[in-house]
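**Q** With the hints as your guide, set chains Y, R and X onto chain Z.
Residue numbers (my numbering), protein chains in the order written: chain Z, 11 to 401; chain Y, 11 to 401; chain R, 11 to 401; chain X, 11 to 401.
Careful, some of the hints might be misleading.
Copies of the same chain are indistinguishable here, so a pair counts whether it falls within one copy or spans any two.
Unchecked claim - Cross-link-like lysine-lysine pairs, in silico, BS3-like; alpha carbons within 25 Å at most:
no., residue 1, residue 2
1, Lys188, Lys96
2, Lys96, Lys283
3, Lys123, Lys168
4, Lys168, Lys226
5, Lys283, Lys188
6, Lys226, Lys96
7, Lys226, Lys389
8, Lys204, Lys96
9, Lys389, Lys96
10, Lys204, Lys123
Keep in mind the hints are simulated off the structure, nothing from the lab.
Take a look at the letters that make up each chain.
4 protein chains.
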Amino acid sequence: MLGNTFGRLFRVTACGESYGCTQDANGERYGGALAVICDGVPAGMELSRDEIQAELDRRRPGTSPVDSPRLETDQCEIFSGIFEGKTTGAPVGILIRNVDTEDIHIQQYRAVKDVIRPGHAEYTYRAKYDEYADWCGAGRASGRETCVRVAAGALAKKILARDGIEVIGYVKELHGIKMRDGMSFDEIRANRDKNDIRCPDLEAAERMVQRALEVKEQGDTVGGIVELLARNVPPGLGEPVFDKLDATLAHALLSIPAVKGVEFGDGFGLALKKGSEANDIPYLDGDVIRFRTNHSGGIDGGISNGETIVVRMVVKPTSTISIDQDSVNMATLEPTVLSAITRRDAQICGRAVPVGEAMMAITLLDHLMMWKGYDAVSKVQHKLPWRPAGS
Amino acid sequence: MLGNTFGRLFRVTACGESYGCTQDANGERYGGALAVICDGVPAGMELSRDEIQAELDRRRPGTSPVDSPRLETDQCEIFSGIFEGKTTGAPVGILIRNVDTEDIHIQQYRAVKDVIRPGHAEYTYRAKYDEYADWCGAGRASGRETCVRVAAGALAKKILARDGIEVIGYVKELHGIKMRDGMSFDEIRANRDKNDIRCPDLEAAERMVQRALEVKEQGDTVGGIVELLARNVPPGLGEPVFDKLDATLAHALLSIPAVKGVEFGDGFGLALKKGSEANDIPYLDGDVIRFRTNHSGGIDGGISNGETIVVRMVVKPTSTISIDQDSVNMATLEPTVLSAITRRDAQICGRAVPVGEAMMAITLLDHLMMWKGYDAVSKVQHKLPWRPAGS
Amino acid sequence: MLGNTFGRLFRVTACGESYGCTQDANGERYGGALAVICDGVPAGMELSRDEIQAELDRRRPGTSPVDSPRLETDQCEIFSGIFEGKTTGAPVGILIRNVDTEDIHIQQYRAVKDVIRPGHAEYTYRAKYDEYADWCGAGRASGRETCVRVAAGALAKKILARDGIEVIGYVKELHGIKMRDGMSFDEIRANRDKNDIRCPDLEAAERMVQRALEVKEQGDTVGGIVELLARNVPPGLGEPVFDKLDATLAHALLSIPAVKGVEFGDGFGLALKKGSEANDIPYLDGDVIRFRTNHSGGIDGGISNGETIVVRMVVKPTSTISIDQDSVNMATLEPTVLSAITRRDAQICGRAVPVGEAMMAITLLDHLMMWKGYDAVSKVQHKLPWRPAGS
Amino acid sequence: MLGNTFGRLFRVTACGESYGCTQDANGERYGGALAVICDGVPAGMELSRDEIQAELDRRRPGTSPVDSPRLETDQCEIFSGIFEGKTTGAPVGILIRNVDTEDIHIQQYRAVKDVIRPGHAEYTYRAKYDEYADWCGAGRASGRETCVRVAAGALAKKILARDGIEVIGYVKELHGIKMRDGMSFDEIRANRDKNDIRCPDLEAAERMVQRALEVKEQGDTVGGIVELLARNVPPGLGEPVFDKLDATLAHALLSIPAVKGVEFGDGFGLALKKGSEANDIPYLDGDVIRFRTNHSGGIDGGISNGETIVVRMVVKPTSTISIDQDSVNMATLEPTVLSAITRRDAQICGRAVPVGEAMMAITLLDHLMMWKGYDAVSKVQHKLPWRPAGS
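Bound-form chain Z, shown alone (with noise of 0.2 Å):
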């Protein structure tokens, strides 16, 4: 792999796998874990293990009937970066160690790890990787490797709130359920995560849920669509021209599993729009410029405008179900049929809400110390001679 590192300032490092190490080559066994390293991470921040975990715990699986039951309790250790309670100006790394890891699913695993499993990657892993792909649990294929996007996250929120920026996730629809339109950003902080589903609008929530677990019965899985908002953005975040806010932030949610596809402000519907009806009109509020609607999802020209940057991610269903399908076997060449599987989620859009939120916050970030790097060179010069801060 060639892609594990994202950002060009806040630059976050990730690996680990489903399962994790099981031996090396002289067999001796290791328990896997997960970690990342985020590099750019300014000094003298207070920093504490909860609130990573705080973060974590928002994305953990089994604490709910439309998730998965596997028993992962993703407890996140920082092993470098801070000191006596503050960021260094190292990088800060973040490991999670695996702990559902019992014989028996890997064993599980073991039975099919030749068969391709519908719409998931043992294909294309196998293809790229050859039988070498670690087959447990999808590898490095599976969500599992989120929950240290998450904790990156978690590190970039913090550092996004001192500029009073904030991000907020949930789930606008699932499998045709939507929630009802109007909520205001505070509505929608103050209510998206009191219900399993991470949807706002509590009704809107409560009928999601049931249409999950209806079709868990039916050993089927549902999709659906997340929406996340980012205040306080200022004008001026993103980079023309490749590297435009909203083609940054398209690349961070697309590269999260299970999304497959991204949409800015009214996105997919502007093709039914004429150009008189997606202009966003510009007025003045006292003296500071503002603009009536938000079609253009807080972003004009790859840059932010300082509005409420509105962006939405697909969340496919979850690709394993409890149903039988027919398939093939990658290394006898034959069809098979992988049978139905038990553990999973009936839905993954309230686990990627935390996901998503992460990336946005990290790529957010990213921007803003490119801005502020452009800007004070364009801005501020140095004094000569400097002196040690504080003496």
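**A** Here is chains Y, R and X on its own, set in the frame of chain Z:
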């Protein structure tokens, strides 16, 4: 700006504005130009200016009543990287002079240089670059910059073609008018360039052109959806976890001006599906593994699966309209009215087609090179001593 | 910090400090660790912890009287990227716990935390990270970080070995004592690890150790020169014009603490030569092109020429000395005296050897992957349909 | 090639060959050119072509008897990124046409196109790009490519100057003749451009020119050492651990053709020193921390310490000599003799001076931007609402 380079191994770096330099600090006047430097071009490939020009001519404005009447000839010059008819391995440099730069148009832009044009990037560029951003014809934010993407894309397409990989794009939908379903790749390729709108369904195309002209009469513009296909992409392209094929394609496509969303395969339609409806079932076609459906758009786990890559991007209605719009003067901070503008595209979907193809080709080639490098390091060992080829 | 990742295709990301985390903002205490994530590792390669450990043991302190007595065992754990004894293609994560972290040492550092230790990085870290930089044992600036370089280098060496490429290093000169000329690659390899100073000329090594001990007696330290060789590097590695092989090797080697200069082939000696004395004359060895001399150090025009790559790096004397030194307290801005420090390396050339080898191997592997990717895209075409290997 | 871009925030991308395109696959002929695209240029800076040209004129050949007689005028055109006399924030594109491209010289190169010119890059380019590498005047491997480095460097110098940072270079030693010690920065700056060799010690300069002419008479060439100084660099530049200031400067300088080694401060001399002799002792100059000596060359722990940055690079003797040399024909694999070549530089140290300055300036600016971005994200918070500047 910090974002004018794209790609890791096949790396495209671009510059240039809508009108380009007027004068330097000494008052010396220049004719502006756009340029692109393509690094990572293999040596020994025959290349002529005409091949690049042919693609540029597909994007060029002024060729149809539904496009902008701006008269840019977009003639390219290859000024480095070829020698005696072949590429040398050195970066290919391509220059395109701006020729439609009459003072009358510059004066028109000067008159409204401080006024936000709704849907455009004046405000966000002002936030980022202060009053120094080039205001003439949208400067760097103009769609004009895309011509060098097309030039680089022509090169990428040619290199991809050696592996049999082919990229085509077309307008699938314009302001609600959809092309018919079920057209084959070959049928699409044969017909897509036969009309001004680049829709391969010739009957739908006629209605699209009609709609565009009607709306143009009203002084307005329309949006639509462009679909892109890549055929014969081998399984294995895409770099987990952050640089997945879909993630980087989305990055590439959303960097195109006016694109506000991207989806793969069934895309946002997956929000309405169950897992059993969304999974692509593998089967054996002789001794080759294929998939019965292509809901995934040819990408599983962020890696190509050998099926046709299918991606759609939504193109918003052209922001420039011939209708008065409320606005704000950024210098005086006073409300104002932006008068109707006459020189504009009624839609830009058709012209976005070659740009989308170019960005898709550039991205695929970068992945192809990364994958071959990765794959070769896994499997191909060097033999020494080495001897010059052909000796 | 923004610089903890190195490489484009074989990409190493590191973190960790000398002592590591003491506690977070909640007062929770942690044991610190160093970690490295290696992306770009080919799949299917047998790998065991012992192979990594063997290289780490070559760098480990406390094994000789001329090294630091700090008691770090440097035991590594591979926690991701291997499965059933083989690499999977996923990034390899390696963790090394800090164990020699007794409070007594921390208290010693605390006592002088605001005092500039001459030759060290307190002042520059204070300029960059304010008082938040980890002051314990030099924090991130400690030579301790190099152990993860060695771990990543062990991996790189193993991958390079499949193409027959071999990297060795040794101390060529210590405080004016030089090893004899004319030793062959094989002779050097056989002898370099036979003594505490890692000099393959055993007679010179003895004098070097003697000198180091004498100077240690005086409370002082000495510098020297490490030479690195890479054999069987195929012609063609290096990417003009900015990422030449020598340029990126210099980048890699000068990133090692205490290294202050790098030279290739005849290096600075070329300033005294004429062109006719400096040019390497090619000749035919059977039907293979070779060069009669190697003034260029195996690199012409920034690309390997098939001869042995020869590079030297100067390692400054260890900054920590047992002699009182004038200094300044950065917090009070008052002059002060830094007392003699006893726990230190009399020289670090010997321990710099495996670090230099590691960085050279990492850099060569990155170039090898880029070159294979470039070369393959030029010459190797895909054949579809693709079939799983071994099917 | 995969290495024609340098820098992370101030990012330079270059292309162009010695003679440039002759013709494309259709036989159409072109006049070649070199170009550079500079991304990351701040907006609002006055810029004129003359400022760039002034630096180019310092590098231009044909101006002295100790340089090559090749008649390149190196006239640059700025074709993007400025508007009404100021930079706009968009990437600055600069083009330089090749004009000394008479057929007679091309024919001379054609006659020996398969013959390895000792010290040059024919063989390694052949290994990498087969027979397709441009053989005319060394193609992309020619020192001619450095003129665009100088153009980009002129821009970087100008931006650095706003923070008071100044970079100067000069020839310190030529074929054993050394300039005198103890010249101050100001004295050096005032005198270094007063002679053909760019040595600020005018007496030594005379002897250097004399030596160069003598050796030229013999048909030979000489090497030397260029020293570069950067004054007023604030403490804090450099990104641990891999992108240290010295590491990236070494990368930049060793990418210059003919440079074979780089050292900082006392450099290789440190191999002969003890720690007590090598450590720079800090002291208080008023309330400012300074260092009594500068053995470290202004860089501690990879970060600037506020003292003058001192770096030296060794420039090998020009490879092209007027003496017959044994060689090999790569196409026929037969021994041959390369005849004396008359058009050449007797030394290239003088012309390497502006190139070294340019690369140093480009690197420092990139670090300055990264540092300001990092620093600003640590310390400067945004205030919303934002208002356009000057409104």
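**Q** Looking at the structure, which of the earlier hints fail to hold?
**A** 1, 2, 3, 4, 6, 7, 8 and 10
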